[in-house]
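Q: Below are the chains, spelled out letter by letter.
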Amino acid sequence: MSGSLLYLSGVTKSFDGFAAINGLSLVIMPGELRAVIGPNGAGKTTMMDIITGKTHPDRGQVFWKEKVDLSRIDEVAAARLGIGRKFQKPTVIDSLTVAENLELALKGQRGLTARLFGRSSRTMHADIMQIADRIGLAASRNDLAGTLSHGQKQWLEIGMLLAQDPDLMLVDEPAAGMTDEETMRTAELLRSIAGHRAVIVVEHDMDFVRALGCKVTVLHQGRVLAEGPLDFVSANPEVIEVYLGR
Amino acid sequence: MARLIDRRMGVFLAGLFILTVALPMASSAAAGQLVPAYLVSLVGKYLCYALLAVALDLVWGFCGILSLGHGAFFALGGYAMGMYLMRQIGPRGVYGDPVLPDFMVFLNWQELPWFWLGFDRFWFAALMVMAAPGLLAFVFGWFAFRSRVSGVYLSIITQAMTYALMLAFFRNEMGFGGNNGLTDFKDILGLDLTAASTRTGLFVASAVALAGGLMIARWITASRLGRVLVAIRDAEERTRFLGYRVEHYKLFVFTVSAAMAGVAGALYVPQVGIINPGEFSPANSIEIVIWVALGGRGTLIGAALGAFLVTLAKTVLTGWLPELWLFALGGLFIMVTLWLPGGVLGAIETGLTRLRAFASMRTKEIET
Amino acid sequence: MKIVLCLPFRPYLAALLMALLVVLPAAGRTAGFEELVERLPHGSYADRAKVIDAISRTGDPRAAEVLNALLEGRLHARKDDGRIVILVDSAGGATAIDALSGENLGGVLAGSTEKIKTNNRLRGMLRTAIGALSLMSPDRETRLMAAQSVFASGDPANIEALDAALAAESDRQVATALAEARAVAILDTDAPVEEKRAAVAILRARGDAAAQAALAPHASDPAIGNEVREALSRIEQAQRVWAIAQNVWYGLSLGSVLMLAAIGLAITFGVMGVINMAHGELVMLGAYTTFAVQEAIRGAAPWLFDWSLLIAAPLAVLVAGSVGIAIERGIVRHLYGRPLETLLATWGVSLILQQAVRTIFGPNNREVGNPSWMSGAFEIGQMTVTWSRLWILIFALAVFFALLLVLRRSFFGLQMRAVTQNRPMAAEMGIDTGRIDALTFGLGAGIAGLAGVALSQIDNVSPNLGQSYIVDSFMVVVFGGAGNLWGAFAGAFGLGITNKLLEPWTGAVLGKILMLVFIILFIQKRPRGLFALRGRAAEA
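Read top to bottom, the protein sequences are chains A, B and C.
Under UniProt numbering, think of the first position of the first sequence as 1, with each following residue one higher.
Under UniProt numbering, think of the first position of the second sequence as 1, with each following residue one higher.
Under UniProt numbering, think of the first position of the third sequence as 1, with each following residue one higher.
Rather than coming from a laboratory, the hints here were simulated on the basis of the structure.
Being a predicted model, the structure only gives us computed values, none of them experimental.
Note that CB positions come from ideal geometry on N, CA and C, so glycine has one too.
Keep in mind that the hints are not guaranteed to be accurate.
Stated by the list, open to error - Simulated pairs of lysine-lysine, DSS-like, Cα-Cα distance not exceeding 30 Å:
id : chain 1 : residue 1 : chain 2 : residue 2
1  : A       : Lys89     : A       : Lys54
2  : A       : Lys54     : A       : Lys215
3  : C       : Lys512    : A       : Lys54
4  : A       : Lys65     : A       : Lys107
5  : C       : Lys79     : A       : Lys89
6  : B       : Lys45     : B       : Lys186
Said to hold, decoys possible - Example chain A residues on the side facing chain B (calculated, C-beta under 7 Å, incomplete):
id : residue
7  : Val27
8  : Ser95
9  : Leu112
If we strip away everything but chain A, and leave its shape as in the complex, we get (with noise of 0.2 Å):
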């Protein structure tokens, strides 16, 4: 589709003979915020893991700004073209500070002889401030990621992905383990990340997705069920059978 960020048409990738994922299509917005759900088994890892390049599919194309080929690269390459991805479980460096974390992920500077002698800038300072102060961990700047919260390992590691800079954002399951209060600020979070940067969310928690507000894209046995805004596909009968109606 032309101006597309991201472009899935047809994917297909099985693991011992079970489809994972089966003729998956999917197409992304630049700046577009984007809900995926589905029940357990659905495919969303699956589909997350070969938009980052962690595994490649057997069939179907995966565009990346209508050129680059990303069935091609590994996540390596996937991440140094703009694409940052959240895990399930939240993943920050334990032993090194939050400041120490963002400086981690700031964009620039991937390559070996950069960091060995490379010195941190005053702008990079200024830019980690920025997005400590945006994620809530000014105050806590200094304190080892180890020590923080479920709930502030989650924003650091949104904080992280800030500092890639990224086109397109992969969040998986951010609300998980989150209290009410700090589930909302999250969407508050992602409503405005979103816009500048393209924003792929997976989520279990129906409270969370209708507070995004965005289209929602339904999975079920690796392909797209559904898609719309969240009370037009939660109308939709087939997904209240496999998913909303459990």
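Start from chain A and add chains B and C according to the hints.
A: Chains B and C alone, transformed into the frame defined by chain A:
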């Protein structure tokens, strides 16, 4: 630069300096041999072990690569030095051949194998001391890290690597003296190896190498690259998704560490007077791990201290109650992993932090 | 002179001798075995030759023994009564056995008997005669051995005897051996070309190194050279095939040993994800249990010795299994999720176990005996198979399939799989996961103990026993792929056979090095092994 030498490192280096100056003086004739002369070589040997431990801590403590084959890099460095020392013997061997070492004459070899060429020059041998283990680590790591072999799998294949090398070096056909290894060294850089002054020189060189190794390791780990290493250790997948080529970083630190281990081996060999394939045995390599674990993984000087403590205990126990040594070593492995995950240094640190927290709480209570 | 001496004492003997002397010119063709033997000391070498010939024709079952004694210079005539005796070395000197009755006549003083002398010609004749006689022996084994020794001599003088033996032989194996022996002899005669060709065909069918050696001198024979050369090349080909078969057998044997050592590891490492560096020492404990059981049996009930392994096996499982459970409860349990720490702690355990055994049993190799049913070897074609190795292969397979059955079919196996696949869920469902962990570890350890019982039969039982298997067994598990018993199976036999097929080209040590290098490279390609789990399960 301020971060390069923190207080802990400063104290350690100062202690090392005092030891380096005091021990040779105390053992010299001028001081009436306050301590026996053999102590200089013995402590020199410990310093080499300490450098080896620092090398392992660099990869394991900071990058999470538990190498069970670091003894191989140490031994390769040792062999490179041993080959130089063999060539230095010249015609003074038992068979008196001007070029061939005794074991080659014994095996009826007619000329030096190609890989022995150049080892009559010190600069070449010194280069090989780092290049041989470095190259092995680079090739091995290139294969292993590129295909993302990690964790215990990596540990097991590093163990297989050193085991394979041990078997290889036991073979006479390899041209490294087989079973007996390389020994009967006479002199180094034209200096008699048995002379007290040469032994002191080697001891000082070992201390300098340890200090240098510590500084290099410290420089790497305190740099922004060090943060990437820690990130790989704590969350390899995360680091990759941040866009870092994890395998390049691992390969870099693994190769540097191997070269450092090689230097340790090279200084070790002239002080003990022999290098044989036993140095490649997997058990040796695992023993290095306990030095690091006991001292404190990821602390560098903890690793050096751990090496010192364990090898000192080994010397004392194997001389005094040899039966007890393996029980003690085995118990150490179990106790450190179960109860001292941060090692001695880690435990001291936690103790101090708690003490400070307690103290500040008390002062707060008093204030309110 | 002897005759004179004995006359006064044995008048009847003298009478007999008189009679013999009368019939002597007739060469004794009709004389009985006993008379002939009595006649041996007398006359010239030429006379003796005739008597020997006659004895060998009697077909008397005692003939072979008497002639053999004569050949070895142990056939004597007693000076006092002329009785023919066979001297046998015994503790206090020589003992005389009556050559005819087999009666033990007690010790003899030096000089009281006189040796019946032989010369070169006689000895050659004796050898042939003995061979021929043995060929007719009522004992099947003796006939077979005789046929083989005649084969080895290839002396054409035997042809007549072989023909006679062949005509009388009913056993097929012996008949074949006789025919082969005859074929060798025929090649050295002026027999017609047709007969020689048939002989070549017989030897070609035999197809071993001995046949090759027998044929080789005739390769340039103008009459049958072509046939011989063709037969030789066929034999060489056959031998290459047999050599490969032999190596495959060695490989299977090595594979079974590797599998025994690795299979317990496949459970602790593969199923539980626990690196147990003390696994080799658990194997060693099994071997020492066998040693202790055999020591007890030797002291208390030697007749039980053949059963020692069957008694040791359950005890070894018990000993190694309980040590295993102790390791799990005491150490490993506290380190779940920290594989590197587990590796180090269990290494510590291995050092302690090694030193404990060294302190209790001493540092040297301890002798563990083979029960009778495990000693010796047999041959299939040109391949030698030792019983001990065959039993170990059978044992390894039995252990493997029993284990497979336990994991797949038993309730314990079900619980075990439940715990490995989804620990919280299993705990939810009321499974005592701690107990299952301990039992699983104990099972792996118990199998290590069983491996020790088997290995005690073919390897040195020393405190270092475990160390020599640890690297290999890890290689097997890593190569096969963790978490899969079939992986360990394929890994063990694959590595075992490849190793043994490599050995003839590279030598044992280099072969082993190459295997290690191969595995190191292989892991780069398939980091999770041959039978790796893929997809989501792999990340769990």
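Q: State for each hint whether it applies.
A: Each hint, compared with the structure:
{"no.": "1", "hint": "Lys89/A to Lys54/A", "result": "holds, 17 Å"}
{"no.": "2", "hint": "Lys54/A to Lys215/A", "result": "holds, 26 Å"}
{"no.": "3", "hint": "Lys512/C to Lys54/A", "result": "violated, 36 Å"}
{"no.": "4", "hint": "Lys65/A to Lys107/A", "result": "holds, 19 Å"}
{"no.": "5", "hint": "Lys79/C to Lys89/A", "result": "violated, 106 Å"}
{"no.": "6", "hint": "Lys45/B to Lys186/B", "result": "holds, 18 Å"}
{"no.": "7", "hint": "Val27", "result": "violated, 23 Å"}
{"no.": "8", "hint": "Ser95", "result": "holds, 6 Å"}
{"no.": "9", "hint": "Leu112", "result": "holds, 5 Å"}
Hints 3, 5 and 7 from the earlier list are contradicted by this structure; the remaining hints agree with it.
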